[in-house]
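2 protein chains.
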Amino acid sequence: MSLPTAGFSFRVDAVDGDARCAELETPRAVIQTPAFMPVGTQATVKALTPEEVESTGARIILANTYHLWLRPGAESIASHGGVVGFMKWPHALLTDSGGYQAFSLAKHRSIDEDGITFRSHLDGTLHRLTPEEAMRVQALLGSDVAMVLDECPPGDAPRDVIESAMSRTTAWAARCLQTEAAEGQARFGIVQGGTELDLRLAHLQAIAAMDFDGIALGGFSVGEPPVRMYELVAEIAPAMPSDRPRYLMGVGTPTDLLRALSSGIDLFDCVLPTRNARNGQALTWGGRVNLRQARHRDDESALDADCDCSVCTTYSRAYLRHLLKADEMLGPRLLSLHNLHFYGALMRKAREMIRLGRLQTWVDTTLAYMRERDEVGD
Amino acid sequence: MSLPTAGFSFRVDAVDGDARCAELETPRAVIQTPAFMPVGTQATVKALTPEEVESTGARIILANTYHLWLRPGAESIASHGGVVGFMKWPHALLTDSGGYQAFSLAKHRSIDEDGITFRSHLDGTLHRLTPEEAMRVQALLGSDVAMVLDECPPGDAPRDVIESAMSRTTAWAARCLQTEAAEGQARFGIVQGGTELDLRLAHLQAIAAMDFDGIALGGFSVGEPPVRMYELVAEIAPAMPSDRPRYLMGVGTPTDLLRALSSGIDLFDCVLPTRNARNGQALTWGGRVNLRQARHRDDESALDADCDCSVCTTYSRAYLRHLLKADEMLGPRLLSLHNLHFYGALMRKAREMIRLGRLQTWVDTTLAYMRERDEVGD
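Protein sequence lines, in the order shown, are assigned to chains A and B.
In our numbering, each residue's number is its place in the first sequence (first place is 1) plus 98.
In our numbering, each residue's number is its place in the second sequence (first place is 1) plus 98.
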C-alpha cells in the first residue's frame with residue numbers, strides 16, 4: 099500500500115509467525131525487507147566503492163547527518179546532487195537526524211525543550227540542532243528517508259529520565275511533521291522508552307498515531323543485555339503498525355538481526371560489519387573469525403567456505419591475516435566487503451525462509467551453528 | 099632473442115632514437131616495454147586488489163624481499179605458492195635483493211665483504227643478508243626476476259666510497275650468479291657508480307660481462323638533481339647491452355620516466371604513484387593535483403579529463419577531496435588506482451609514440467603541458 103509520502107509504498111508479501119517479507123519502494127529503489135542498511139557515515143561506506151556495496155545486495159544505505167552537516171556541509175552536498183549524487187550511490191538513502199551523534203560525539207552539548215546545542219568535535223564551532231533544522235539539513239542531504247530528531251536516554255537511565263525523553267521526542271516528532279516535507283522524502287518517527295515495556299508501548303502509541311511513513315525503535319543496543327532487547331522487541335514489534343516499515347536503529351550482530359526480524363522488524367543499520375572488519379574480525383556462517391589470531395597463519399582455506407563473495411573465492415585466511423598484521427589497507431577493505439556480503443546473504447536467506455514458512459527452525463539452527471564455532475566467545 | 103635463463107626472452111621490435119619498444123617474456127607474462135612496475139612491498143600494492151592493478155595495464159609488479167623475509171617469512175610465502183600465489187597476482191613478479199631496505203630501514207646495520215648484518219625494524223631480531231642468502235630468499239619468494247645483492251652508496255658519497263661499493267657489488271654479483279638458479283627465475287645485475295660517468299661506465303662494463311638476463315641501474319634518485327640523473331642515464335643507457343632489458347631502479351616521476359625511456363630504459367619501479375596518492379596527490383596529464391587544496395572543494399569536474407579510469411569517469415574532485423579531508427580510506431584507494439592507471443597510460447602512449455617514431459616531440463609537448471598546469475611546483 100502507499101505510504102503517506104508520494105512515491106513511497108510498502109507491501110507485505112509473506113508472513114511467518116511475526117516475521118514478514120515486504121517490498122519497500124522509494125523514489126530511488128525497491129528494497130526487499132528484512133534488509134540491512136550498510137552505514138556510510140561520511141558519504142562513503144568505509145573502504146568500499148558504491149559498486150562493491152551494491153554487490154552485497156544492499157539497495158539502501160544510511161548516512162550520518164551530524165558528520166555531513168559539519169563536513170563538507172549540507173549546502174555543499176546539496177550542490178553536488180545530495181549525498182547520492184556526491185558519492186555516486188545508485189540506490190536509496192536514509193539519513194539519521196544528527197541528534198545521536200550530537201550527543202555522543204560533540205563537545206559541550208546541552209539539550210533543552212527546543213533542541214540541542216553543541217560544539218563540533220572537529221573545530222569547536224557552535225551549532226544548534228532543532229527538529230526543524232534536522233529536517234532542513236536532511237532535505238539538503240536529499241535522502242529518501244529522513245529521521246525525526248529524538249532524545250535517546252542512556253541505557254541505564256531511571257524511569258523519569260526515560261519518560262521525559264519520550265515526551266520531548268513526541269513533541270519534536272510533531273514539529274518535524276509540521277515542517278514542510280522535502281519533495282520525495284519520507285519521514286520516520288522514533289519510539290523511545292528504554293527497557294520498560296509499558297513505556298515503550300505507550301510511546302509507540304503516541305508515535306504510531308502520527309502520519310509517519312515508517313516507525314523506528316531508537317534507544318536499543320545502548321548497553322542493555324541483548325536478551326533483554328530480544329524480549330522487548332518480541333513484544334513491541336508485533337504492536338507496531340503492520341502496514342508501515344519497522345526499523346530497529348543501530349542494531350546489530352547477526353544474532354540481533356535474526357532475533358529481531360523473527361519478531362517482525364524490517365530494517366536494520368549498524369557499523370558493526372565494517373567497524374569490526376577494520377579490527378580484523380570477520381562475521382561468517384561459522385561465527386566470528388578473528389583473523390589476527392596465530393591459528394590462521396598458515397591456513398590456506400577460505401575465510402568462509404559457505405560464502406561466494408570475491409574475498410572468500412579468491413584469498414586464503416593466511417593472506418588476509420598477513421594483510422592485517424602488516425597494517426595493509428587491503429585487509430580492512432577485503433574484510434569489510436566480506437562482512438557486508440555476509441549480512442546481505444543473511445537477509446536474503448531469512449527472506450527465503452520466511453517465504454517458505456521455515457524461519458524459526460532455520461534461525462535456531464543457524465545461530466546454534468555459529469555459536470559453536472565462534473572464535474571470540476559471546 | 100632468448101635470455102640466458104630458460105623461459106625468458108627479450109625482443110626489441112621498434113626503436114626511435116635511443117628509445118625502444120620490446121617484449122619481455124617471462125614464465126608468467128609477456129610484458130610490453132617501456133613498462134612501469136607498481137610496487138607491492140608486502141605482497142600487496144597498497145590499497146588495491148590484483149584485479150585493479152591488472153586493470154592499469156601492469157603485467158609485472160615488484161615486491162620487497164626485506165619486508166616479506168621478515169613478515170610473514172620466506173618459507174611461509176613459499177608454502178603458499180610464492181608471492182604470486184599468496185597475493186593472487188596473475189602475472190609476473192620482480193623482487194629486489196633486500197639490501198637497500200636492510201640499509202635504509204633496519205636498525206644497527208653493518209656491512210662487510212661477505213654481506214650485511216642488521217636488526218629487524220619490526221622486532222629487533224638479528225639477520226644476515228649475503229649474496230647467497232638474497233638468492234635463496236628470492237627463490238622462496240618465487241619471483242620471475244631476482245635482483246643481485248648490491249651496495250648502494252649515499253647520493254653524496256665521495257669517489258673512493260663509490261669505488262669501494264662498485265667492487266663489492268661486482269664481487270657479490272659474481273657470487274649471486276654462482277648460486278644455483280631457481281627454476282624459472284631470471285637474474286638481473288646492478289650497476290653502481292654514483293654520479294660519476296666514468297665510474298658508471300666502468301662498472302657497467304664489469305656487470306655486462308656477466309651472464310645476467312638483464313641489467314639494472316641502481317643508486318639513482320638518491321638525492322642528486324633530476325637533471326643530473328637524466329644526463330647520466332642519457333650516456334649510460336645507450337651503452338647497456340641492447341639485447342637485454344635495462345631497468346632503472348626506484349625511479350620515478352612522470353618526467354623521470356619519459357626522460358629515461360627516451361634514453362633507452364625499459365623498466366621502472368617506484369612507490370611514488372601509490373605513496374603520493376596516500377598523501378592526496380594525483381598525477382595527471384595536466385600535472386600534479388593536490389586534492390587537499392581548498393580550490394577543489396566545489397569542483398564537479400573529473401580528476402583528470404584525459405583519463406578513462408573508473409575514478410575519473412565516476413567521481414568529482416570535490417568528492418575525492420572530501421574523502422581525503424575526512425580521512426576516509428576510499429580516498430587513498432581511489433587515488434592509488436588513478437595514479438597507477440595514469441602511469442600505465444603514460445607507458446602505453448610512450449610505446450605508441452616510439453612505434454610512430456614521434457617520441458621526442460611528444461615527450462617535450464607532454465612535459466611542457468604538465469609543467470604549466472602543475473599545482474605543486476617542482
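The set of hints was computed from the structure by calculation and includes no laboratory data.
Mixed in with the good hints there might be a few duds.
No copy is singled out in the list; a pair is fine if it fits within one copy or between any two copies.
As the list claims (entries may be wrong) - Simulated pairs of lysine-lysine, DSSO-like, Cα-Cα distance not exceeding 27 Å:
hint : residue 1 : residue 2
1    : Lys447    : Lys205
2    : Lys205    : Lys144
3    : Lys447    : Lys423
4    : Lys205    : Lys186
5    : Lys186    : Lys423
6    : Lys447    : Lys144
7    : Lys205    : Lys423
8    : Lys144    : Lys186
All values derive from a computational prediction rather than experimental measurement.
Each hint tested on the structure:
no.: 1; hint: Lys447 - Lys205; verdict: neither (42 Å within a copy, 53 Å between copies)
no.: 2; hint: Lys205 - Lys144; verdict: within (24 Å within a copy, 35 Å between copies)
no.: 3; hint: Lys447 - Lys423; verdict: neither (33 Å within a copy, 38 Å between copies)
no.: 4; hint: Lys205 - Lys186; verdict: neither (32 Å within a copy, 46 Å between copies)
no.: 5; hint: Lys186 - Lys423; verdict: between (32 Å within a copy, 18 Å between copies)
no.: 6; hint: Lys447 - Lys144; verdict: within (25 Å within a copy, 34 Å between copies)
no.: 7; hint: Lys205 - Lys423; verdict: between (34 Å within a copy, 21 Å between copies)
no.: 8; hint: Lys144 - Lys186; verdict: both (14 Å within a copy, 24 Å between copies)
Hints 1, 3, 4 from the list above are not met by this structure, while the remaining hints are.
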